[in-house]
Amino acid sequence: MNIITLIFILLSAMAVGSAVMMLLSKNPVKSILWLIVVFFAISGHYIMLNAQFLAVVNIIVYAGAIMVLFLFVVMLMNLNSTEEPARNMRLQMVGIISGGSLLLILLSSLMKTNKEQLVLMRVGDAGLIKNLGNVLFTNYVLPFEIASVLFLSAMIGAVVIGKKN
Amino acid sequence: MDIKAYIALSLTLFSIGIIGVLTRRNAILVFMCVELMLNAVNLLLVAFSKMHAASGIAKASVHYASDAQIFVFFIMVVAAAEVAVGLAIIVMLYRNTHSVDINFLNRLKN
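So the sequence lines, in the order shown, correspond to chains F and A.
Quick note: the first sequence, position 139, residue 139 per our numbering, numbers continuous.
Quick note: the second sequence, position 42, residue 42 per our numbering, numbers continuous.
Calculated directly from the structure, the hints in this document are not laboratory data.
Among the hints, a few may not be true.
Claimed, not checked - Quick partial rundown of chain F residues pointing at chain A, CB under 8 Å, derived from the structure:
1) Thr-5
2) Leu-6
3) Ala-15
4) Gly-17
5) Leu-23
6) Gly-99
7) Leu-102
8) Val-135
Just so you know, even glycine gets a beta-carbon here, dropped at the ideal spot from N, CA and C.
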C-alpha cells in the first residue's frame, strides 16, 4: 500500500466519520463543528487531486464563511441548549432505511462496473489558479458577471426577508 | 487511485446527507445536510475532471480539465447565495413561530 492510498483512506474515514457524527450529535453547535471537519477532509481530497484553488476556496467559503454564518444563526437563536422534542421513531426508521437502501443500490451498481479508470493524483495543472483564472475570464466571463448579479440579488433578498415588517 | 473509490466516497457522503434531511427535525440541521450533499457532488466533479485529464481523450483541447473545476466554483457561488437567503428565511420563521422544528412549519399545507 503506497502513501497516496493511505492518505486517501485516512481522509475518507475522516470525512465519513465526521459526517456520521454530525448526524448523531444532539447539540447543533457540535453538528456544525463536525461539518467543518468534513469540509477540511474534502479540502484535503482536493489537494490530493492537485485542485489547489478549489481546496483554498472550499476552506475560505465553506468552512470560513458559510459555517460561521450557521454558527452565528444558531447562537443568535440560542438553540444550543434546547433538546429536540421526542421524535417519531417510525418516521426516523423510514428515513434511515430509505437512505440506506439508496446507498446500497448505488454502491452495488457501482461495484458491478468493471472498467478501470484512473484519476490523476498530485499532477496536472488544470486546478492551478493561473489556468482556472484564464478559463474563468475568457470562456466563462458572462456566467461570472451573472454570478455577481446573483450575489447582489441574494444580498438584497436576505435583507428584505430579515427586515422587521 | 481508481475513480470508483471517489464515486463510493461521494455516494456515501450524499446518502448521509439524504438520511439527515429525512430524519433530523431542526431546520438548520436539514439545511446543513443539503450543504453536505452539495459538497459530495463537488468532490465527484473534481475527481471526474482529473479522470478526464488522465484519459488522454481531451488532450487536444487547451482547457481540457478546467471546465469541471470552474463548474465547482460556480456551485460554491450559488451555495453561498442560497445560504444567505435560506438562513434569512429560517431567522424569520423563528421570529414568527419561536421554533425551527420543521414539523410545526406546515402552514402552507392547509
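Of the hints stated earlier, which fail here?
2 and 4
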